[in-house]
Amino acid sequence: MNLPQPPIISIRNLTKTYAAGEQVLKGIDLDIKQGEILALLGPNGAGKTTLISTICGLVRPTTGTITVGGHDIVKDYRQTRKLVGLVPQELTLGAFDVVVDTVRFSRGLFGLPPDHARVDEILNDLSLLDKKDSIVTRLSGGMKRRVLIAKALAHEPKILFLDEPTAGVDVELRKEMWALVEKLRLSGVTIILTTHYIEEAEEIADRVGVISDGRLLVIDEKQNLMNSLGKKQLVVDLRSPIEQLPESLAGFDVELSEDGYRITYTFDTQGDRTGITTLLQAVNNAGLVLKDLNTSQSSLEDIFVNLVHSDNER
Amino acid sequence: MNVEAIKAIYFNEMRRTRKTLLQSIASPVISTVLYFVVFGSAIGSRIQSVDDVSYGLFIVPGLIMLSLLTQSISNASFGIFFLKFTGSIYEIMSAPVSFFEVVIGFVGAAATKSFIIGTIILATAGFFVELRIAHPFWMLFFLVTTCISFSLLGFIIGLWADNFEKLQLIPLLVITPLVFLGGSFYSVSMLPEFWQKVTLFNPVLYLISGFRWSFFEVSDVSVTVSLVMISVFLLTCLATVYFMFKTGYKLKQ
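Quick mapping for you: the protein sequence lines, in order, are chains A and B.
Heads up, the first sequence is in my numbering, so the first residue is 14 and it goes up one at a time.
Heads up, the second sequence is in my numbering, so the first residue is 3 and it goes up one at a time.
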């Protein structure tokens, strides 16, 4: 049953340098599994949009190869693009189009014969059926986003790209969007979304990739990232500095700050024993005088900020 | 060949045309009527016939060309420019379509609209003068080729323009003068000799001359030259569009 499936998208050594000389992608290697939800997390300008635009054919890769469903995106663009639907970040819709017309147009554009019943079905799935004859510019932002999704789904793609699907969207709509993504996944669609909301990645993704400054810093199952998320820190401030850690603390996962005033102990909240009592006893036995105690939970946000930060310092 | 995509683009553009049908047809008809009132009746009654053709009748082919050229360019340029302007061009760029299919869709729709307008102007002219068309087939040929060539040119302008000013620039600064100086309202033989020579560099002259020949069998330059020139123009536009798509000009980085 669990035979490893070939990745539905495979990216090798992808770089992109724009004409102005700015290198936005600096060697991306990425395999996307069939049927997964992958969240690409990263600050603005990290290269997320360039990455998905390249896969969709809007941007030419400078070097590297991308295959979708085993086909090369440049040589076999007709095959690869049929497999892919793209929902752009901006609410880009023609001004005077009627909802149903613009979705039918998308279907035709991707080479499928007209099927009004199928288009109505897609509109229905997105709760747009009652808006089918509305002019798109008169719809609210959330509705426009759904029209864009309907357009992207009109040719029944196997892969859906959502570029910042919930940017500037209120909480309720965001939850609706998440439910929709889940529904799509159940229908077998592979979903890649970019976001800078960590909460969003946590909520819906199977895997999370962190992109910063054109590099993929980390990509892992969400659960693995969550495990490192479960880490907590106990910070012990000392009254007087010490040169090195006392031997009684050797068995603990502790670090001493450079100035010698602070000991940081990292522990797993999910474990049965946190080890705080033993640690504090050991501190006491070593004759250290405490000034302050502090515990903090490292969030995915911290991990993310740290990753991005340390990357920028490189 | 993605025939569904061509159909989708073509009918989508035609739908846009239908929505603005009244203004797209009313304005050329009104301006044609005005030209007839001013040039045909008011001034034309004082002008002798040109090459044995009454002045009112003589200007009919030129008037049609004037509208055809400006309409073809504005229709085709606006269609593609608007997609760039709203950003919705992303969809076409990410679709499994070739440059050729996109051009057929857009240019086909723009040319169709121009053709309809040309026919309407011809019919309108029929209310003012007694039309006679010596070579209906060639008349149609010139009409269709002009619609296609200038829709292509419009498409190129629409791709090139990155703001509304540029979109208007070429039609206003280049096309309108070329049409007016290309013999729409006069025979080139009426010009001083020097300007007759200068006019030969105006590509529009060959269009109007050939088109007028198909009506009255009078022309400023030989019909063969007209045919060659329009073919050259058509091919140049095709080559330019092809080059633009190949290089992703202004579309793809």
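Just so you know, the hints here were simulated from the structure itself, not pulled from any lab data.
On a predicted model such as this, the values are computed, not experimentally measured, just so you know.
Check each hint, because a few of them may be wrong.
Said to hold, decoys possible - Result set (DSSO-like, lysine-lysine): computed pairs, CA atoms no more than 27 Å apart in a straight line:
#: 1; chain 1: B; residue 1: Lys9; chain 2: A; residue 2: Lys88
#: 2; chain 1: A; residue 1: Lys144; chain 2: A; residue 2: Lys171
#: 3; chain 1: A; residue 1: Lys88; chain 2: A; residue 2: Lys46
#: 4; chain 1: A; residue 1: Lys171; chain 2: B; residue 2: Lys9
#: 5; chain 1: A; residue 1: Lys188; chain 2: A; residue 2: Lys46
#: 6; chain 1: B; residue 1: Lys248; chain 2: A; residue 2: Lys157
#: 7; chain 1: B; residue 1: Lys86; chain 2: A; residue 2: Lys88
#: 8; chain 1: B; residue 1: Lys248; chain 2: B; residue 2: Lys86
#: 9; chain 1: A; residue 1: Lys145; chain 2: A; residue 2: Lys196
#: 10; chain 1: B; residue 1: Lys248; chain 2: A; residue 2: Lys39
Structure-based check of all given hints:
no., hint, verdict
1, B:Lys9 / A:Lys88, "holds (24 Å)"
2, A:Lys144 / A:Lys171, "holds (26 Å)"
3, A:Lys88 / A:Lys46, "holds (22 Å)"
4, A:Lys171 / B:Lys9, "holds (24 Å)"
5, A:Lys188 / A:Lys46, "holds (24 Å)"
6, B:Lys248 / A:Lys157, "violated (32 Å)"
7, B:Lys86 / A:Lys88, "holds (25 Å)"
8, B:Lys248 / B:Lys86, "holds (18 Å)"
9, A:Lys145 / A:Lys196, "holds (21 Å)"
10, B:Lys248 / A:Lys39, "holds (25 Å)"
When each numbered hint is compared with the structure, a violation occurs for hint 6 only.
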